[in-house]
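There are 2 protein chains.
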Amino acid sequence: MKKTILGLVLAAATATATAVAGMAHAAETHVTIGVSVPAADHGWTAGVVYHAERVAKLLMAEHPGLKIIVKTSPNATSQANVLEDLTTEGINALVILPTDPDPLVNAIKAVKAQHIFVTLVDRAPSDNDQSVRDLYVAGNNRALGSVAGEYVKTHTPDAKVVVIRGLPIPIDQVRQDGFNAAITGSNVKVLGREYGNWSRDDAFNVMQDFLSKFPKIDVVWCQDDDMAVGVQQAIKQAKRTDIKYIIGGAGSSEMIKKVMGGDKMIPVDVLYPPAMIGTAMILTVANFYDQVPVRGSYTMDATLVTKQNATGYYFPDSPY
Amino acid sequence: MKKTILGLVLAAATATATAVAGMAHAAETHVTIGVSVPAADHGWTAGVVYHAERVAKLLMAEHPGLKIIVKTSPNATSQANVLEDLTTEGINALVILPTDPDPLVNAIKAVKAQHIFVTLVDRAPSDNDQSVRDLYVAGNNRALGSVAGEYVKTHTPDAKVVVIRGLPIPIDQVRQDGFNAAITGSNVKVLGREYGNWSRDDAFNVMQDFLSKFPKIDVVWCQDDDMAVGVQQAIKQAKRTDIKYIIGGAGSSEMIKKVMGGDKMIPVDVLYPPAMIGTAMILTVANFYDQVPVRGSYTMDATLVTKQNATGYYFPDSPY
Numbered sequence: 010m011k012k013t014i015l016g017l018v019l020a021a022a023t024a025t026a027t028a029v030a031g032m033a034h035a036a037e038t039h040v041t042i043g044v045s046v047p048a049a050d051h052g053w054t055a056g057v058v059y060h061a062e063r064v065a066k067l068l069m070a071e072h073p074g075l076k077i078i079v080k081t082s083p084n085a086t087s088q089a090n091v092l093e094d095l096t097t098e099g100i101n102a103l104v105i106l107p108t109d110p111d112p113l114v115n116a117i118k119a120v121k122a123q124h125i126f127v128t129l130v131d132r133a134p135s136d137n138d139q140s141v142r143d144l145y146v147a148g149n150n151r152a153l154g155s156v157a158g159e160y161v162k163t164h165t166p167d168a169k170v171v172v173i174r175g176l177p178i179p180i181d182q183v184r185q186d187g188f189n190a191a192i193t194g195s196n197v198k199v200l201g202r203e204y205g206n207w208s209r210d211d212a213f214n215v216m217q218d219f220l221s222k223f224p225k226i227d228v229v230w231c232q233d234d235d236m237a238v239g240v241q242q243a244i245k246q247a248k249r250t251d252i253k254y255i256i257g258g259a260g261s262s263e264m265i266k267k268v269m270g271g272d273k274m275i276p277v278d279v280l281y282p283p284a285m286i287g288t289a290m291i292l293t294v295a296n297f298y299d300q301v302p303v304r305g306s307y308t309m310d311a312t313l314v315t316k317q318n319a320t321g322y323y324f325p326d327s328p329y
Numbered sequence: 010m011k012k013t014i015l016g017l018v019l020a021a022a023t024a025t026a027t028a029v030a031g032m033a034h035a036a037e038t039h040v041t042i043g044v045s046v047p048a049a050d051h052g053w054t055a056g057v058v059y060h061a062e063r064v065a066k067l068l069m070a071e072h073p074g075l076k077i078i079v080k081t082s083p084n085a086t087s088q089a090n091v092l093e094d095l096t097t098e099g100i101n102a103l104v105i106l107p108t109d110p111d112p113l114v115n116a117i118k119a120v121k122a123q124h125i126f127v128t129l130v131d132r133a134p135s136d137n138d139q140s141v142r143d144l145y146v147a148g149n150n151r152a153l154g155s156v157a158g159e160y161v162k163t164h165t166p167d168a169k170v171v172v173i174r175g176l177p178i179p180i181d182q183v184r185q186d187g188f189n190a191a192i193t194g195s196n197v198k199v200l201g202r203e204y205g206n207w208s209r210d211d212a213f214n215v216m217q218d219f220l221s222k223f224p225k226i227d228v229v230w231c232q233d234d235d236m237a238v239g240v241q242q243a244i245k246q247a248k249r250t251d252i253k254y255i256i257g258g259a260g261s262s263e264m265i266k267k268v269m270g271g272d273k274m275i276p277v278d279v280l281y282p283p284a285m286i287g288t289a290m291i292l293t294v295a296n297f298y299d300q301v302p303v304r305g306s307y308t309m310d311a312t313l314v315t316k317q318n319a320t321g322y323y324f325p326d327s328p329y
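Each protein sequence line maps, in turn, to chains A and B.
Residue numbering for the first sequence follows the numbering used here, beginning at 10 and increasing consecutively.
Residue numbering for the second sequence follows the numbering used here, beginning at 10 and increasing consecutively.
Treat the hints with care, as some may be off.
With a straight-line Cα cutoff of 27 Å, these simulated DSSO-like cross-link-like pairs (lysine-lysine) come out [as the list claims (entries may be wrong)]:
#, chain 1, residue 1, chain 2, residue 2
1, A, Lys316, B, Lys121
2, A, Lys118, A, Lys76
3, A, Lys76, B, Lys121
Only some residues are given here: those of chain A computed to face chain B with a beta carbon under 10 Å [what the hints assert, rightly or not]:
#, residue
4, Leu67
5, Tyr204
6, Asn206
7, Ala295
Pair ranges (Cβ atoms, derived) [said to hold, decoys possible]:
#, chain 1, residue 1, chain 2, residue 2, range
8, B, Pro179, A, Pro179, 50 to 58 Å
9, B, Asp94, A, Pro166, 39 to 47 Å
10, B, Pro83, A, Pro166, 46 to 54 Å
11, A, Gly321, B, Lys66, 42 to 50 Å
12, A, Ser135, B, Asp167, 31 to 39 Å
13, B, Tyr323, A, Pro328, 40 to 48 Å
Since the hints were made in silico from the structure, they are not lab data.
Ideal placement from N, C-alpha and C gives every residue a C-beta, glycine not left out.
Given these sequences and hints, build the entire structure.
Following this line, the structure appears as structure tokens:
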């Protein structure tokens with residue numbers, strides 16, 4: 010008898026909770042979302058995997074009936090296979106951050122042809138074909154450069170700057186254009202620019218080269234937090250004290266922690282957040298549970314992270 | 010005794026539900042969000058109020074500790090007062106769809122100066138000052154025109170079209186530019202363009218005028234569902250049978266229902282959804298509960314609503 014009362018009460022409580030938590034609609038809606046991201050083979054993508062898994066848990070707890078499957082892939086071929094598998098398993102939506110968008114265009118189009126909602130994150134095909142996606146969520150590469158340039162111009166108006174670029178691809182050029190536009194007409198002078206390939210080790214080598222070439226450097230702009238680590242090591246090893254500060258970019262926990270702590274060498278960071286995968290997932294889920302329009306194009310700000318606002322961007326458990 | 014068991018069980022069930030539904034973090038986070046929107050004084054804004062209230066309920070049910078206050082204002086002066094009241098009451102975020110953005114710039118900046126997160130919806134200041142907002146969510150006015158133009162060009166390549174414009178303000182011009190670009194180089198011919206002021210009655214009058222001036226009209230593009238109602242009345246009254254179809258815009262329930270039902274006069278609609286207020290609210294809430302980046306600029310697609318996809322855009326209970 011006791012058991013029956015308990016059972017009844019629990020059933021009633023659960024029914025009420027479910028009805029309230031998701032309104033009748035959501036409680037009955039079963040949705041499966043596939044999230045396909047690159048393997049955690051370097052800093053930023055490790056952050057992407059971390060946030061995809063973190064937000065998947067949050068969303069599944071908020072929505073009974075929601076299933077999110079996160080899959081990682083080391084390259085485009087393996088990611089194309091994942092898309093095929095997910096489609097066969099049966100998904101209502103795909104959230105994809107492509108390892109490399111161009112070779113994956115056909116695989117993504119094949120998913121979309123099955124009337125599966127497609128959210129594309131960060132990397133669009135180079136012909137900018139909008140038909141591959143329902144929703145596009147991306148960072149702002151031009152602003153990543155211009156926000157850094159504005160900071161340098163404002164805080165060190167006569168700075169001599171060395172620039173460590175990424176790889177010679179369009180994303181890097183757009184960032185350089187943003188930086189150049191911001192410092193145009195100012196007294197900020199760029200001493201040299203070299204490619205560091207978004208690699209910690211390469212940035213270390215490039216910085217060593219810069220240090221031996223230029224006796225006086227005020228600022229290093231390396232547009233990436235992983236490269237900023239290599240830059241710091243090179244400066245430390247050379248025991249140089251002329252460099253006032255380094256600006257990286259993205260928002261790694263290591264750099265955000267330094268900003269929070271008031272590290273003079275890392276006074277700010279510029280956001281290009283791997284957590285955007287989570288934003289993309291939240292909107293994709295809203296498409297099914299909240300009946301709001303989400304199809305569109307969403308560009309994240311390259312927010313300047315300072316000591317004042319850093320807490321909101323700090324993930325102590327993230328690998329990046 | 011029975012009561013005590015009931016009480017205990019309910020408490021346990023509630024505690025579990027809370028922990029699961031919001032993770033420990035969300036359950037303890039108290040957040041108040043003010044939503045300030047125009048009064049429901051015509052179709053589209055009535056839709057905005059409806060969706061703001063609908064999504065507020067959904068979000069409060071999903072997040073224990075979340076309070077959303079929706080306030081409507083008939084004009085900029087009253088809306089500025091609402092912003093002051095909300096700030097005094099104490100809010101963590103403001104979601105605002107301004108009645109008129111320019112006279113409200115200072116009032117919005119005063120809110121932001123209190124470190125309150127500001128989400129701006131649909132209407133930006135004419136100088137496009139990005140510093141008034143953390144997040145901007147808007148429709149795509151150019152695409153509202155170009156999607157309609159593409160449809161006309163594809164489905165009625167030799168159409169003679171009459172165009173009913175809105176008010177002589179930039180939004181209207183951008184829509185016209187989109188339409189013109191889409192039909193450039195085609196055989197589609199625009200017979201005439203007149204302002205209908207986004208009003209049902211004015212559109213009725215303009216359409217009467219067109220009907221008496223032009224003996225043969227194939228298509229009416231009036232870029233707004235309210236005006237489409239006036240256009241239909243004029244056509245019906247004149248007993249004209251030459252008009253093949255009308256393209257409105259926005260996504261009112263009345264027009265979406267016609268699209269769903271296969272009404273030949275309203276084969277499609279182009280989305281400029283009042284429900285975008287709900288999208289803006291979901292992202293604002295995510296900023297506090299899910300630790301994902303949401304600062305940025307989000308442009309909703311002007312999705313072509315057809316018989317196939319109309320269900321997802323239909324709100325039978327909405328006043329618009």
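Going through the hints against the structure:
Distance restraint check for Lys316(A) and Lys121(B): the Cα-Cα separation of roughly 18 Å lies within the 27 Å cut-off, and the hinted pair is therefore satisfied. Pair hint Lys118(A) plus Lys76(A) holds up; C-alpha atoms about 23 Å apart against a cutoff of 27 Å. As the CA atoms of Lys76(A) and Lys121(B) are separated by approximately 37 Å, the hinted pair breaks the 27 Å bound. For Leu67(A), the interface hint holds, the least distance from its beta-carbon to any beta-carbon of chain B being 6 Å, beneath 10 Å.
Taken as an interface hint, Tyr204(A) does not check out: its beta carbon lies about 28 Å from the nearest beta carbon of chain B, beyond 10 Å. The restraint placing Asn206(A) at the interface with chain B is violated, with a minimum CB-CB distance near 25 Å, outside the 10 Å limit. Annotation: interface hint on Ala295(A) holds; nearest CB of chain B at approximately 5 Å, less than 10 Å. Under the hint 50 to 58 Å, the C-beta atoms of Pro179(B) and Pro179(A), about 31 Å apart, miss the expected range.
Judged by the Cβ atoms, the range 39 to 47 Å given for Asp94(B) and Pro166(A) holds: they are separated by roughly 43 Å. In this structure the hint that Pro83(B) and Pro166(A) lie 46 to 54 Å apart at CB holds, the actual value being about 48 Å. Between Gly321(A) and Lys66(B) the CB atoms are about 27 Å apart, so this pair departs from the stated range of 42 to 50 Å. Restraint check, Ser135(A) to Asp167(B): a C-beta distance of roughly 36 Å satisfies the suggested window 31 to 39 Å.
At about 44 Å, the beta-carbon gap between Tyr323(B) and Pro328(A) stays in the expected band of 40 to 48 Å.
Going down the numbered hints, you'll see the structure goes against 3, 5, 6, 8, 11, while the others check out.
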